[in-house]
Amino acid sequence: MSKIIGVINYGSGNYKSLCNALDFLNINRIEVNSADDLLKSENIILPGVGTYGNCMERLNYIGLIEPIKKEVLDRKKNFLGICVGMQVLTDFGTEHGNHNGLGFVAGSTNIMSKSKDMSIPHIGWSSVNIVKNTPLFDSIENNSDFYFVHSYCVNVENNSLVSSFVQHGNNIPSSIGCENIYGVQFHPEKSQRNGLKLLKNFSKI
Amino acid sequence: MPKLRLIPVILLKNGKIVQSKKFKRHQILGTPSVIVGRLSNWFSDELIFLDISRDGIHCLNRDDLNFNNNNSIIDIIEEVSRKSFMPLTVGGGIKTISDVESRLSAGADKVVINTQAVYKPEFIRECSRIFGSQCIVVSIDARASKDSWGVYSDYGKNPIGETPSEFAKKVQDYGAGEILINSIDNDGAGNGYDIKLVKSVVDSVSIPVIALGGAGVPEHFSECIDSASPDAIAASNIFQYTENSYFNINRFLYNNSFNVRRPELETIFEAGDN
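Listed in order, the protein sequences are those of chains A and B. Going by numbering that gives the first Met the number 0, 152 is the number at position 153 of the first sequence; the sequence numbering is gapless. Going by numbering that gives the first Met the number 0, 50 is the number at position 51 of the second sequence; the sequence numbering is gapless.
A couple of the hints might just be wrong.
Claimed, not checked - The calculated DSSO-like cross-link candidates involving lysine-lysine, where the alpha carbons are at most 30 Å apart (straight line), are:
id : chain 1 : residue 1 : chain 2 : residue 2
1  : A       : K113      : B       : K198
2  : B       : K82       : A       : K2
3  : B       : K2        : A       : K131
4  : B       : K145      : B       : K156
5  : A       : K203      : A       : K131
6  : B       : K82       : B       : K94
7  : B       : K169      : A       : K113
8  : B       : K2        : A       : K113
9  : B       : K195      : A       : K113
Hints in this document: simulated from the structure, not taken from any laboratory.
Chain B extracted, bound-state conformation:
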């Protein structure tokens, strides 16, 4: 039984790290190069980078780079993977096999596919055949309707007319290896996960499910794990604000007997270590 994964999600928009609220408001938090140093000191189980830029151009604003300041997500992955030896999952704007290939060869271990899974589910099959289903994560953005939820594509804009559990089952059949379920309503609200939504997806598929959207305090993580049993639990904003937040939430879960890795503050491994 693998440990329950606790995953920080880093949202990138035009090369900056941002905070998101209900998929609409994006507040800039900093540049990746600043935060990378911090990330590599986290004993985090995994990192998910979601590029929500609309034009694919990134500016790292680094003075020490005296060449082209427009960096792609590829440069960002390369920089992160040189410093942190943990699983990296990357999503945003992935539409072709070569998009997947370029991200994996830059150091990503898994890719997140969202809109293309809606328009061209056959793409999921193709990706899983070429790269293996274990590195294909399909993210589902869901919004609550009267008595259920609806899946939205294109950064939460267009309803596709399917429920998250139906859609999750479908992409599982097409070869998805994991599902990332995100609540548009709870995004950035800090009031807790949409536990019923997460559970509806967990109950409908046999592949691992990652819950995202709404964590504001450590108790939100434990409530969601207790009631919906996802394989992994992710959050964005909560990890950006307070010092050692990853360690603290990890420790909270560990001390409450959840099946998570033992919390550690130091991950620096000296090259000369024996």
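The following block holds chain A by itself, in its conformation from the complex:
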């Protein structure tokens, strides 16, 4: 039996897609929308579509911010943040005003710098350059394509926490990792074979 993954449901658009992918992989999952649900989860995924502020507001509204910190920082449960779920790992974000994040990774989330011939939002399939060994990328080839949809990106203070980059105008962190905490800017639940493999990898950590 794989570990029970708690998928935080705060109304994020990709909650269902993520559950579909986990179900397809026969990974045990429960829906998390209370502190009690978090306690029952062995690993935690925070999906995300939408804005930084909205994500934090809704997590706050369902009273999950402190419980998440406790389970992840004290109990060391494995945590995977997807897209905005990765961005809120930073201290704060500047999308539509300043918003505090979970603060698990020192840094901030800001709009990507505009450059010629690079559309923002960054939408589509881009190759991911893996720069650090992480169990998430087990048996995934370097420069594999993943699906991205975002306008903001993380700037982390400690660059050694970045496990992969994607080229979009600049080199942008596409995944970060810090002990039991992982984040991916792309959408594994929408990245076909490579994405499913990554979710499977997370379930085995």
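With chain A fixed as given, assemble chain B onto it according to the hints.
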């Protein structure tokens, strides 16, 4: 730099998949449940579903469903997203925030807004504030006039008195994240894209542009990419007729050194795979 996306567009009318010609003639091709199995085997970059029904009622005609046979676009998205782990974009009749919300929570990643962007551009701003501009696609239906093009609303019926490039710029300012530009004249004709139309829109905005309308042979895709440089290229009919058409067009572009994903026939991922 993201890969250039190659996107099949699936037109739904009253629960059936149809082929469209000049926005008028709609020929039924099959039911979604039949085609979904095929779609999930495609290594497609994305799928766009456009619901062109006028009444919003769908009949999936599935004998194995022994309850209400009238299915909404929501049911269709749910069914597709259970089987295919790729980006799904859904449009047709979206007028309210709750229309957007219901589609996203059923498994869609992006929504396409057309007529409402004409009547109530403020709606685009509201959507992008709530859901993020990255999931708001505005589609523009254009018809050629003397020396330019005009934008039409309500399934190509009403001219709105703006050119596609003007309108694209406007909705970009309102917060649209992508533009889907469709040529009414070339719809279903198979004679190639309206390359100048696509280019006029690509040149006027900084957000990604998806070209649609007119593809009949693989060369039409490469011509449009070469001359108009859209971020994505979409087509409908060509993907419905021949076996492995997606793979073949993908391979054609890949072999001609276009920045597309490597073509693959098999996408089935075994749950037990390591």
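Quick rundown of the hints versus the structure:
| no. | hint | in the structure |
| --- | --- | --- |
| 1 | K113/A - K198/B | holds, 21 Å |
| 2 | K82/B - K2/A | holds, 23 Å |
| 3 | K2/B - K131/A | holds, 23 Å |
| 4 | K145/B - K156/B | holds, 18 Å |
| 5 | K203/A - K131/A | holds, 19 Å |
| 6 | K82/B - K94/B | holds, 28 Å |
| 7 | K169/B - K113/A | holds, 19 Å |
| 8 | K2/B - K113/A | holds, 18 Å |
| 9 | K195/B - K113/A | holds, 26 Å |
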